[in-house]
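Given next are the chains, with one letter for each unit.
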Amino acid sequence: MENQTVPADSGLDSGFDRLNRDWYIDKAVQVLVFIGGISAIVFIIGIFVFISKEGFGFLVGDFNFKEFFFSPNWRPTSESKETFGILALIAGTASVTGLAMLIAIPFSLGTAIFIAEFASGKTREFLKITVELLAAIPSVVWGFIGLAIMNPIIIKTFNVPVGLNVLNAGVILGLMAAPIMTSIAEDALKAVPDRYREAAEAMGATRWQVIYKVVLPAAKNGLLGAVLLGVGRGFGETMAVLMATGHSINIPTSVFDSVRALTATIAAELGETAAGSSHYQALFTIGIFLFIITFIINLAADLIVRGIRKG
Amino acid sequence: MFSRNYLIVSILILTSMVLTACGGGERRQVIQNKGSDTLVNVAQAWAEDYQTVNPAVVVAVSGGGSGTGIAALINGTVDIANASRAIKDKELKLAQDNGQNPVQHVVGFDALAVYLHSDNPIDEISIEQLAEIYGDGGTYLSWTDLGVEVPGCQDQEIVVVSRQNNSGTYAYFREAVLSDRDFKLGTRDMHGSKDVVDLVEKTPCAIGYSGLAYATDHLKMACVAQGSGGACTNPSVATAVDGSYPIARPLFMYTNGEPTGAIGDYMNWILSNEGQCIILNKGYAPAVKVNCG
Numbered sequence: 057m058e059n060q061t062v063p064a065d066s067g068l069d070s071g072f073d074r075l076n077r078d079w080y081i082d083k084a085v086q087v088l089v090f091i092g093g094i095s096a097i098v099f100i101i102g103i104f105v106f107i108s109k110e111g112f113g114f115l116v117g118d119f120n121f122k123e124f125f126f127s128p129n130w131r132p133t134s135e136s137k138e139t140f141g142i143l144a145l146i147a148g149t150a151s152v153t154g155l156a157m158l159i160a161i162p163f164s165l166g167t168a169i170f171i172a173e174f175a176s177g178k179t180r181e182f183l184k185i186t187v188e189l190l191a192a193i194p195s196v197v198w199g200f201i202g203l204a205i206m207n208p209i210i211i212k213t214f215n216v217p218v219g220l221n222v223l224n225a226g227v228i229l230g231l232m233a234a235p236i237m238t239s240i241a242e243d244a245l246k247a248v249p250d251r252y253r254e255a256a257e258a259m260g261a262t263r264w265q266v267i268y269k270v271v272l273p274a275a276k277n278g279l280l281g282a283v284l285l286g287v288g289r290g291f292g293e294t295m296a297v298l299m300a301t302g303h304s305i306n307i308p309t310s311v312f313d314s315v316r317a318l319t320a321t322i323a324a325e326l327g328e329t330a331a332g333s334s335h336y337q338a339l340f341t342i343g344i345f346l347f348i349i350t351f352i353i354n355l356a357a358d359l360i361v362r363g364i365r366k367g
Numbered sequence: 004m005f006s007r008n009y010l011i012v013s014i015l016i017l018t019s020m021v022l023t024a025c026g027g028g029e030r031r032q033v034i035q036n037k038g039s040d041t042l043v044n045v046a047q048a049w050a051e052d053y054q055t056v057n058p059a060v061v062v063a064v065s066g067g068g069s070g071t072g073i074a075a076l077i078n079g080t081v082d083i084a085n086a087s088r089a090i091k092d093k094e095l096k097l098a099q100d101n102g103q104n105p106v107q108h109v110v111g112f113d114a115l116a117v118y119l120h121s122d123n124p125i126d127e128i129s130i131e132q133l134a135e136i137y138g139d140g141g142t143y144l145s146w147t148d149l150g151v152e153v154p155g156c157q158d159q160e161i162v163v164v165s166r167q168n169n170s171g172t173y174a175y176f177r178e179a180v181l182s183d184r185d186f187k188l189g190t191r192d193m194h195g196s197k198d199v200v201d202l203v204e205k206t207p208c209a210i211g212y213s214g215l216a217y218a219t220d221h222l223k224m225a226c227v228a229q230g231s232g233g234a235c236t237n238p239s240v241a242t243a244v245d246g247s248y249p250i251a252r253p254l255f256m257y258t259n260g261e262p263t264g265a266i267g268d269y270m271n272w273i274l275s276n277e278g279q280c281i282i283l284n285k286g287y288a289p290a291v292k293v294n295c296g
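Note that the protein sequences, when read in sequence, are chains A and B. Converting from the first sequence to my numbering requires adding 56 to each position, the first position being numbered 1. Converting from the second sequence to my numbering requires adding 3 to each position, the first position being numbered 1.
In case anyone wonders, no lab produced these hints; they're calculated from the structure. Treat the hints with care, since some could be wrong.
Here are a few chain B residues that sit away from chain A, every Cβ distance over 12 angstroms (derived from the structure) [what the hints assert, rightly or not]:
id, residue
1, N101
2, Q107
3, G246
4, C280
Straight-line C-alpha distance at most 27 angstroms; calculated BS3-like pairs for lysine-lysine [claimed, not checked]:
id, chain 1, residue 1, chain 2, residue 2
5, A, K212, B, K197
6, B, K205, B, K93
7, B, K91, A, K212
8, B, K187, A, K137
9, A, K212, A, K246
10, A, K137, A, K122
11, A, K109, A, K83
12, A, K137, B, K223
13, B, K96, B, K197
14, B, K205, A, K122
15, B, K91, B, K197
16, B, K93, A, K212
17, B, K205, A, K137
18, B, K91, B, K205
19, B, K285, A, K109
20, A, K109, B, K197
21, B, K205, B, K292
22, A, K184, A, K246
23, A, K109, B, K93
24, B, K285, A, K137
In this text the structure is predicted, and so the values were computed from the model without any measurement. Where is the CB? At the ideal position from N, CA and C, for every residue including glycine.
Start from the sequences and build out the full structure, keeping to the hints where you can.
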């Protein structure tokens, strides 16, 4: 018995040695993976804390809720009286995003339905790759297209004084948001079980009836999520909007009016502002506002998409 | 095995690169120079020519606007800030709070041209008219208010082109034309003098302002009169120097304290005959009398 236990023990000992080292490696990797896993959350909290810290001085100082949200007077460097009203900027962002969605929703849903339900084989792969390629075009290139190509076209076609306006930025932004929306909408359509389609076809429904009456209603949460993500993309887009809107503080009354977006204002002014001034802090307050809006939109989109997957 | 060797080799290469870079930094002195878009072309030309004068000093130039340059000086990240407007009291105070002591140097003068589309029939414009077009509460919205019809301009609407609100050109125009009143809301605020010129060139309804040095053959510069009905003066280097052009402004460089060493030498060279001839060649008026042959 003893003779047997001793070698077993020594074997266990050496095994424990190796186990020890492995155990540490194992623990280290565990910690690394854990850090990787929570890093996104840490970064988001870090960013939010940083933006809030920079904007805090304004929020407790010059900030005036009524002026900030209900006045179009954005005059942060005025000699007589500095005013920080972002109503016109909100109107600018909202009008451009709204028009972009009007353009992007039919395009992206149409493409998604075609790719998911009609196309097959090579056509499908080709279309998917093309759509992903569209998503990879840098936003400054889109902005350049707006500035150099769309501007003269809009002036000539619609006979308006200037081509940098809601229409220009809306079209550009619509084309930018469409690829992402297409990808997510396509996923949502694919998530509809085939037995739904088979059942509908067995009842004698045509292909169009299958899509219209069965697949689209079944995928509606996912499709809504796709639209909301597109809206979030539109709200957050900066460079293309800066270049294509005309960057003019103006509450638009038609699609041919120049406007200015919240993001573009931050981009154009932050780099030239002395750190710590109330202008600088006001820009960060716009940042907080944008952060909260996009956070709510993305959260809503996520919850809606999750809703369909569970059900 | 292979990958480990590969790793060692690449670490060695990287280390040697970092070491060489540091060594290079020790031998050559780098002057950081940043600010006004108006001055950026001149600053670049100075930096390049200074290479032949003193190869041991490298001047790194970047633009971004007067506000950017002064902000960078306040934050202590540049040696020389270029500005097309004087530093504000607020900025001076902020700088002193940060332990900086901005010292002003006038390096030249610039005539601010009023640009119009080449089809625009207007030849001369007064400061009062400009204030009505640009100022908050101004009444001129249409070209017909100025008594003209611009061919190709839909509805005769004046498309007012301005600059972003941290630009020195913006601040100077506000001071000289609007007497520090605010700008109208709804101006198209371009990011850079070049963008103003580009937009005015392509838009029949547009009016814009920018440094004289940005003039091209494809657009028109208005002759500017001080009072309405008075004689107007065309923007040029000569009229900027003799002060007859009403919207000409000094161009500044700011250093932290009286410049010494390499920065002092550089500033002296800029204000020398050679340096001032360079600014003259770029379309600005020199700060001192020069003889460029």
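Subject >> Agreement of B:K205 and A:K137 with the hint, judged by alpha carbon distance not exceeding 27 angstroms >> reply: Between B:K205 and A:K137 the Cα gap is close to 34 angstroms, so the pair fails against 27 angstroms, i.e. violated.
**OP:** For the pair supplied as a hint, A:K109 and B:K197, confirm whether the alpha-carbon distance does not exceed 27 angstroms.
**Re:** At roughly 36 angstroms apart (the allowed maximum being 27 angstroms), B:K197 and A:K109 break the hint.
**OP:** Please work out if A:K137 and B:K223 have their alpha carbons no farther apart than 27 angstroms.
**Re:** violated, 34 angstroms
Original post:
A:K137 and A:K122: Cα distance at most 27 angstroms?
Top reply: holds, 16 angstroms
Original post:
Are B:K91 and B:K197 close enough, with their CA atoms no more than 27 angstroms apart?
Top reply: holds, 25 angstroms
Original post:
A:K109 and B:K93: Cα distance at most 27 angstroms?
Top reply: holds, 22 angstroms
Subject >> Check on B:C280 being off the interface with chain A, judged by Cβ distance over 12 angstroms >> reply: Given a closest Cβ separation of 30 angstroms, the condition holds.
Subject >> Pair hint outcome, B:K205 versus A:K122 [Cα-Cα no greater than 27 angstroms] >> reply: Between B:K205 and A:K122 the Cα gap is close to 39 angstroms, so the pair fails against 27 angstroms, i.e. violated.
Subject >> Straight-line alpha-carbon gap B:K91 to A:K212, limit 27 angstroms >> reply: violated, 43 angstroms
Subject >> Check on B:Q107 being off the interface with chain A, judged by Cβ distance over 12 angstroms >> reply: holds, 17 angstroms
Original post:
Does A:K212 lie within 27 angstroms of B:K93 when you go C-alpha to C-alpha?
Top reply: violated, 46 angstroms
Original post:
Given the hinted pair B:K205 and B:K292, is their alpha-carbon gap at most 27 angstroms?
Top reply: violated, 38 angstroms
When the structure is compared with the earlier hints, violations turn up for hints 1, 6, 7, 9, 11, 12, 13, 14, 16, 17, 18, 19, 20, 21, 24 and for no others.
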